[in-house]
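Colleague: Residue numbers (the UniProt record's numbering), protein chains in the order written: chain E, 1 to 255; chain D, 1 to 376.
Not one of these hints is a red herring.
A short, non-exhaustive set of chain E residues, derived as facing chain D with CB atoms under 10 Å:
#1 Q80
#2 L108
#3 E115
#4 A156
#5 D188
#6 G191
For the chain D half of the interface with chain E, some residues (derived, Cβ under 10 Å), not all of them:
#7 F65
#8 L87
#9 Q96
#10 P99
#11 S342
Which bits of chain D does chain E cover? Going by a derived footprint, with three or more residues having C-beta under 8 Å, they are:
#12 26-35
#13 329-339
Please keep in mind that the hints were generated in silico from the structure rather than gathered at the bench.
Each residue gets a CB set at the ideal place from its N, CA and C atoms; glycine is no exception.
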Amino acid sequence: MSVVDIVDVKTSFGRLQVHDGINLSVKQGDLLALVGGSGEGKTTLLRHIAGLSAPTSGEVRLFGERYDQGSYRERRLRRQRFGMLFQHGALFSALTVYDNIAFPLRELGGLHEDEVETLVMSRLALVELDPHTARQMPAQLSGGMIKRAALARALALEPELLLLDEPTAGLDPDRSAGFVSLVRSLHDSLGLTVVFVTHDVDSLLALANRVAVMADRRILACDTPEEIMCLDHAFIDTFFRSLRQYDEPMTPWMR
Amino acid sequence: MKLRAHHAEALTPPRIDITRAGFALHGHWTLACMRPRLHALRRDLASSAAEMSWDLSGVERLDAFGALLLWRTWGQRYPEALVMPGLLVNSFERIQHPPEPEPPPPPHRMHSLFQRLGQGLLEVGSHVRGMIELIGHVTSELWRLPQHPGEIPWVETSAAAYKTGVQALPVAALLGFLIGIVLSYLSALQLQNFGAETFLINILGFGVIRELGPVLVAILVAGRSGSAITAQLGVMRVTEEIDALAAMGVSRHQRLILPKVVALTLAMPLLVAWTSGLALVGGALAAKMQLNIDIWNFFERLPTVVPLGNIGIGLGKGAVFGMTIAMIGCHYGLRVKPNTESLSTNTTASVVSSITAVIIIDAIFAVLTRTLGVPR
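In isolation and in its complexed conformation, chain D is listed as follows (with noise of 0.2 Å):
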């Protein structure tokens, strides 16, 4: 009962009673306890008149919100008539004269398409020099390294190794497989179509082999690994854990991306032979079903149509796709600025770009391999 009784008192809501002589405000005048009825405080508030008396005497609490509510409805002045209890004009006070605040900063605005133009260019040239930096740093590193092999961070690599790869086993064997099955599927319906059922190893073992399998890991990874390294980097620039190292005296580049961008070169072509190889048995099994082809014949045939050099290929590219995405990575994430946001746009901004290099240096790929490891 007592508790009650507290309670109630506590949270006596804010009263206007309106008399012949004036308004009588009782209650506790705060944010919180207004809040529920505020709309129809303002609208009594505003039905007041200039002469009316004031009487807040029976106010409990007056907070800023509550002043500054009465304030401007007295038009930022005291009432001649008011009866005020003195411990309310402290509430007063403090909102009478707030400072002004900065006008916001305009709003920045592209006047012209030149200038758009122009900061666009400028931001392309400042990622390609934070890029031209990061292979300069880090090869200097891997230059470095041989002649102190004490300072070689197996560790860092190893571990990265492992988080990149060996990690990323299961769900790209699932990715393989299911890829393989699909293609060869499709590809065995029009096949039959011009009783070409052979040509089924020939499309796999091209198609796999030199193409897909590197393309499609590196899209898992660059989500993957290219994400979480952009994160770890970015807070670990946000927590100034980064600084930190620097005033040890330990290089970021040699602990922190070289061993990185070593572990996923290394790891990358492994994950592709992994993935291309579980393509080509889901290929093989979808073949034996749709097609009944043996899938001891499916891989005897293989190496004949296929030529070796595909596969060097393929791992070749794995590499490059995998050094790839890990510079990106830590491009975007030693760019992060301390705020949340920045992370987000930072790690967006990683994945989309290492996905969309990994294209673009497929391409060249194809153009510059042309001529190899196709049977004439």
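With the rest of the complex left out, here is chain E (with noise of 0.2 Å):
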């Protein structure tokens, strides 16, 4: 089943065109990679994903649906059904870690107060945080603290979409490999679909099933992490050179 659809897309801001005919569709279990050079427009792909921009021309459907389909009360509904990260985590800055882990279930109303705090809880031990970091304010956190705690509210409501915007860019290796195989593991345990942007070839090739590389406005290729990788075209070639350096010696001494 089909949970993102994209079909024919094209964006354009004043004269700059992003996108010249897109088609993308995003199975259930799918951990799609979008990469492609700075400024070919992933994070506009993702916002249009997530009904926060609109195409220029195309359709987008989520969940088979275009974003402004149906009723207030149904788009709202639908709007719960994935999580989103941003790339600077944009947290709230004025309420506290719990408390924005806790908004979106608040904002759904019914649950309990108590219900509430072990939801929260949980979900901080899920992104391994300490207990102690859910009453420090967003400023108090570290950069792979604000990622953890973002994603924590991005999985408050166990969406069946997780939309991650640069989720390891500015962690340290160790942070980003913890990173990934956190997503991994939900992945597995929850059934989450999940569609990121990245420029790390290592969680890419540690955290996709499927890549679709952007180039030229287009999506150049969709496949496997290994099709892609047998590719021959430019980008691919200078996204993955750092990889295929690593496999033979650079220098004798390497030996």
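Both chains are sitting in their own frames, so use the hints and assemble them into the complex.
Modeller: So this is what it looks like as structure tokens:
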């Protein structure tokens, strides 16, 4: 079953065209990585999926429906079925970490405060944050902790679809590996579908089971990581170059 | 048709079949799906008894909330008779031992009047200290810059003067003109009763040039530019732009604060002159209509009844007010902590304090200049 359908999407900002006929479909259980050069409109595509912006022409369907389809209530319900992790976390700076994670739960209504507490604390444990961070303000957290707290908030409603914008950017390799294995285990246990934008080859190979390469304002290819790596294209070459360099020793003394 | 089938499948609502044997659960036990019928589900679950059997094999999806609800119904343990697919165990494991949150910090309680007084004094002290520091930094920059003319921030100063001065001209004109008309009209009504129409020029001249013009413009500028200065510096603090400047060895006092202070100090007297002038024009028009005082006559008599010193006092006040507003705006901008709440608090405080400060300074001026510019 298809979670996201992107059909012939074209987007332009003024005279700058970022998408020229994008077609992509994300199936349930996919771990889809969106890669591409800077300014290729990866984040914009993610925002289209979340319904935060609309393409100039073409159609983006989430769970089979356009973002503006249905009544106010239906649209709201649809928005509760996915979680989004923004590039810089976008935690509410005036609320504590606890209240940030509790926010979507309280918005939903009908939950008792002690249930909210259990859910919030179990989410914190899920993203491996110390319980005492719950009472801290976002400004007191480090970059990696902000990412984790923001992920906990995106996961608060246990969405079917998770949209991640550069989830590992700005994390040290150790943290980023931890983040990847966390998303991976969530995918396995919750049956999540994940669409993520990344520049990081390591996290891409560790997490993705499908890769969509954006270049020249289109989707160049969408396939398994192994197949993508075999393709012959300038961008793919440079993107995976770092990896290929590790395979063959660069200098004689390294042998 | 196929699509519809998918949807029906995706959103099978949670359901409880209560049989003689026990409870059989079906559908999606997720927060979003349970929300519309949460009340009924809670009621049904509450009606369960301890020895009943539970069949969870019909559950398609169970999230942490669904698991939590069942876990609590079961009294924090698995029931004796339970049929459950192995996959669901994960959901239960996640909510079984949530870490305890730290107790919220005790609310800030003020025990006695003395403590409250002390707290208030410390707060005032920190503001005074911050203000003195700011004045010191700006003064030392003013002292240093003439010796290094290359570093004078011309562009920033001129941009600030344009934003705070030139762009305020239309609204200041409207304000001055209308106040002039109102003041002249109301005074004329009273003066007519005493047959003292000609004194209208004295009242308008003194009132507008010496008092109303500077204070009105100051209040306008405090709301317009004071808040803008605080918000701009505040956001620059939130986004660490001020730290970035400091890391490049650029003094924030030289590049951000001094230009604003100098620009407002220079632009305010000009704004005051402009506003006062238009207020007098408005007043003269109203006088012509109400008392039939000729407009040329009005402006010819004005210098003879209002000594020249009053213009100096008005413009001088304007300069001092401008400097005060800029300094207070910068002071609060630099106090912003990196969150949105602090930004709004400090912007509000900036505007309120600058208006209060302007009125206090105005009173001091009134006392100090009580013998100046007054006809004997």
